[in-house]
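J.: Each chain, written out:
Protein chains: 2
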Amino acid sequence: MKKVTIGLIGYGVVGSGVVKLLNKRKNYIKGKYDTEVRIKTLCDRSVDKKDTALLATAVKTTDFNDILNDPEINVVVELIGGMNPAKKIVEEALKKGKHVITANKELIANKGQELFQLAQANRVHLYYESSVGAGIPIIKTLTEGILGNTFEGIFGIINGTCNFILSEMTEKNYTFNQALEDAQKNGYAESDPTLDINGMDSAHKLAILVNLAFGKFIAVKDIYVEGITHIAQDDIEHAKSLGHTIKLLAIAKKNNNAIEARVHPTLISKSHPLASINHIYNAFVIDANPLGNVILSGEGAGQMAAATGVVSDIINLSLNLETHLLPCNIYTEDKNISLNKIDDIQTKFYLRFTAMDKPGVLSKITGILGEHGIGINSLTQKEHSQVKTVPVIILTELTSEKSLRMALTEIHKLPVIKNKTVAIRMEKLS
Amino acid sequence: MKKVTIGLIGYGVVGSGVVKLLNKRKNYIKGKYDTEVRIKTLCDRSVDKKDTALLATAVKTTDFNDILNDPEINVVVELIGGMNPAKKIVEEALKKGKHVITANKELIANKGQELFQLAQANRVHLYYESSVGAGIPIIKTLTEGILGNTFEGIFGIINGTCNFILSEMTEKNYTFNQALEDAQKNGYAESDPTLDINGMDSAHKLAILVNLAFGKFIAVKDIYVEGITHIAQDDIEHAKSLGHTIKLLAIAKKNNNAIEARVHPTLISKSHPLASINHIYNAFVIDANPLGNVILSGEGAGQMAAATGVVSDIINLSLNLETHLLPCNIYTEDKNISLNKIDDIQTKFYLRFTAMDKPGVLSKITGILGEHGIGINSLTQKEHSQVKTVPVIILTELTSEKSLRMALTEIHKLPVIKNKTVAIRMEKLS
Numbered sequence: 017m018k019k020v021t022i023g024l025i026g027y028g029v030v031g032s033g034v035v036k037l038l039n040k041r042k043n044y045i046k047g048k049y050d051t052e053v054r055i056k057t058l059c060d061r062s063v064d065k066k067d068t069a070l071l072a073t074a075v076k077t078t079d080f081n082d083i084l085n086d087p088e089i090n091v092v093v094e095l096i097g098g099m100n101p102a103k104k105i106v107e108e109a110l111k112k113g114k115h116v117i118t119a120n121k122e123l124i125a126n127k128g129q130e131l132f133q134l135a136q137a138n139r140v141h142l143y144y145e146s147s148v149g150a151g152i153p154i155i156k157t158l159t160e161g162i163l164g165n166t167f168e169g170i171f172g173i174i175n176g177t178c179n180f181i182l183s184e185m186t187e188k189n190y191t192f193n194q195a196l197e198d199a200q201k202n203g204y205a206e207s208d209p210t211l212d213i214n215g216m217d218s219a220h221k222l223a224i225l226v227n228l229a230f231g232k233f234i235a236v237k238d239i240y241v242e243g244i245t246h247i248a249q250d251d252i253e254h255a256k257s258l259g260h261t262i263k264l265l266a267i268a269k270k271n272n273n274a275i276e277a278r279v280h281p282t283l284i285s286k287s288h289p290l291a292s293i294n295h296i297y298n299a300f301v302i303d304a305n306p307l308g309n310v311i312l313s314g315e316g317a318g319q320m321a322a323a324t325g326v327v328s329d330i331i332n333l334s335l336n337l338e339t340h341l342l343p344c345n346i347y348t349e350d351k352n353i354s355l356n357k358i359d360d361i362q363t364k365f366y367l368r369f370t371a372m373d374k375p376g377v378l379s380k381i382t383g384i385l386g387e388h389g390i391g392i393n394s395l396t397q398k399e400h401s402q403v404k405t406v407p408v409i410i411l412t413e414l415t416s417e418k419s420l421r422m423a424l425t426e427i428h429k430l431p432v433i434k435n436k437t438v439a440i441r442m443e444k445l446s
Numbered sequence: 017m018k019k020v021t022i023g024l025i026g027y028g029v030v031g032s033g034v035v036k037l038l039n040k041r042k043n044y045i046k047g048k049y050d051t052e053v054r055i056k057t058l059c060d061r062s063v064d065k066k067d068t069a070l071l072a073t074a075v076k077t078t079d080f081n082d083i084l085n086d087p088e089i090n091v092v093v094e095l096i097g098g099m100n101p102a103k104k105i106v107e108e109a110l111k112k113g114k115h116v117i118t119a120n121k122e123l124i125a126n127k128g129q130e131l132f133q134l135a136q137a138n139r140v141h142l143y144y145e146s147s148v149g150a151g152i153p154i155i156k157t158l159t160e161g162i163l164g165n166t167f168e169g170i171f172g173i174i175n176g177t178c179n180f181i182l183s184e185m186t187e188k189n190y191t192f193n194q195a196l197e198d199a200q201k202n203g204y205a206e207s208d209p210t211l212d213i214n215g216m217d218s219a220h221k222l223a224i225l226v227n228l229a230f231g232k233f234i235a236v237k238d239i240y241v242e243g244i245t246h247i248a249q250d251d252i253e254h255a256k257s258l259g260h261t262i263k264l265l266a267i268a269k270k271n272n273n274a275i276e277a278r279v280h281p282t283l284i285s286k287s288h289p290l291a292s293i294n295h296i297y298n299a300f301v302i303d304a305n306p307l308g309n310v311i312l313s314g315e316g317a318g319q320m321a322a323a324t325g326v327v328s329d330i331i332n333l334s335l336n337l338e339t340h341l342l343p344c345n346i347y348t349e350d351k352n353i354s355l356n357k358i359d360d361i362q363t364k365f366y367l368r369f370t371a372m373d374k375p376g377v378l379s380k381i382t383g384i385l386g387e388h389g390i391g392i393n394s395l396t397q398k399e400h401s402q403v404k405t406v407p408v409i410i411l412t413e414l415t416s417e418k419s420l421r422m423a424l425t426e427i428h429k430l431p432v433i434k435n436k437t438v439a440i441r442m443e444k445l446s
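Protein sequence lines, in the order shown, are assigned to chains A and B.
Quick note, the working numbering runs 16 ahead of the 1-based positions in the first sequence.
Quick note, the working numbering runs 16 ahead of the 1-based positions in the second sequence.
Pulled out of the complex, with its shape left as it was, chain A reads as follows (with noise of 0.2 Å):
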């Protein structure tokens, strides 16, 4: 019989929900993997207040000194999240021999490489499938599932509490306000939803994948994002009505040794299949050579979802204690590879201006964008009585963002523009 002798730390909502999930599972381990899995100390920093039922015979502390101070706990569980102290919690751990399992993105985005080396150097593991996706298998998809193979790009919805706004926002018509308090309302969205919203949840997520893509770490900083709150109900209606759907997009390609890596709600055809990824599921497009588009979709948070990757991993990891080496703690940079710069990346665009209805003013907005070599894929002026102004939406050909920024700023000095312009991506997804 194999021990995994757990201390965990952090007993929020993913906390208590491997909690729970262990003990529903207890027995099924035991049978089929041979594995005592057993929370010996739970760490956290409110214990006291907290409903512990589940882990009466437990150590309970709030020092996690004591767990990482205790020979006989051989995994030690993070779900504290954050920087501060998770890295130096997982750093001890590594050190003094003990596997890791975290669902921390933030740890993992922006330190990954040091503490894949020193898993490596104490012959220990790091888990972490939860980090991306929660129980979705992604990082064991592109670390495991599918090898030999390079990868050309990956991309996806890969925040669950943003495309469930947006969902909301395209079905029920929505507001941005009404859709983000609705997701509160059930528990997708976290009273402070900034981290998602402005779209560093996606960022750090995509840092993670890059990395096992492509083999370069990213700084997290370097990667391009733009969030979905400016994302009015005039946008969404503007492009159903153009056979498209806005989603929020991670995006990552790789050409030769250049990668661009971004964040950003994008306009999607309505045939593509990340279009009928709706609410809090989360979808990921491995474009990979020779295999081809693999796309892997499930749902991407709550409590369960996020549980599960965590217990996949101490499950896994009672099967490879006697591994030497974990394929996603393989450290390998290609120093070769560089990140190309948002001003460097040519992408199509949805545009829409708030123009005074006069003659003459598309011929105005038409020609700036042609000064600076912007195509014109397809011009509507909508009709709207109520108000002087009305809204005129250009689709463009490729651009660089350098021209677009250019021409818009050069189109806001317009006394026809009232508003600023909203200028929105748009992306053919293979």
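Among these hints, one or two may not hold up.
Which copy is meant is left open, so a pair is good if it fits within one copy or across any two.
[As the list claims (entries may be wrong)] Derived pair list, reagent style EDC-like, types lysine to aspartate or glutamate, alpha-carbon separation capped at 20 Å:
hint, residue 1, residue 2
1, 18, 108
2, 46, 350
3, 48, 349
4, 18, 338
5, 418, 168
6, 46, 349
It should be emphasised that the hints constitute simulated quantities derived from the structure, not laboratory data.
Position chain B against the provided structure of chain A, taking the given hints into account.
T.: Chain B in isolation, oriented as in the chain A frame:
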């Protein structure tokens, strides 16, 4: 440096794809995984006639014993398919302490039970990722990706040939024969396509999935199987006008200790994600508790897709040479679980009757259905000016196979009914 020294048996489409892919990625595998992969010996019954330029330094033989008896070879890759002599080869290899990688679905479906035990007893591994879904890592996802969950269902499109044919019938209005010919022309169907189009290929794969998901080996012959040869262009059209599309689905569900396993053409709603899986793409929906539905999709056929699965197995094996037990080789069987007979399973049906265009026909048909307790959800009688028969389309409520067969037998005795009635199941997928 780890050494994987391979004896490759079978140099057809998949075998030569594996050699191509390994050759391309040799240095990458060496650098990243610290593994030297070498094909020492190639065995193929017509090895003389094949292009083995990429295997210039390998021993060529027509006798698989040259591989089995070579102590330097630690991995046997079996890619000949079928039961004989594949079964003997795999058994002998395992007994001799060699790891085995196979893409042989027939072998694993029928003899997995014994082979997994044999692998365990000899402390070696048996990998078979390509046996289901080619390079799509469905085996890995079920055995390592989503753990600590119970599986309540697994269903999907698991035969690329049939999906290609049905897609062509739907998109190009091809007849079955035209679509089959096109599939053969594109290399997506064998010159003898019987095992694909009669559903047996899907049944073998489903047997493997049922074992992995539910812990129960079922005999392939006990799976209810219906192929796609009876699907007419008319049915494709009627399904379309009802907001549905026809797919060959493999479906397994578990309710307490009863499982059902069946393969048949199925009308599914156009809005379900599976409806947009077309051509040679496969898709698997795993209904996990508590994780919910996870979808995995990708190219399920073709040389490089299958080769990817085999190469993934080779690399994973190199990382697990010292592991005691492979999750996909864990042999557990729950004796309490039993397989339901198709007679006991309730589904809805799409029925197409060919009836004389006479008064009273509808009441006769619906009357007999009613006598057998079969509720009617909708009824459409299509106009048809040129001949004296009209198609009558009925969508039923849930009914058992048995009641339906009895009702149809009776309806066929009506003199107003011409031709055989078409009955296709409808499934409301979660």
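J.: State the violated hints by number, sorted upward, taking the hints as numbered earlier in the document.
T.: 1 and 5
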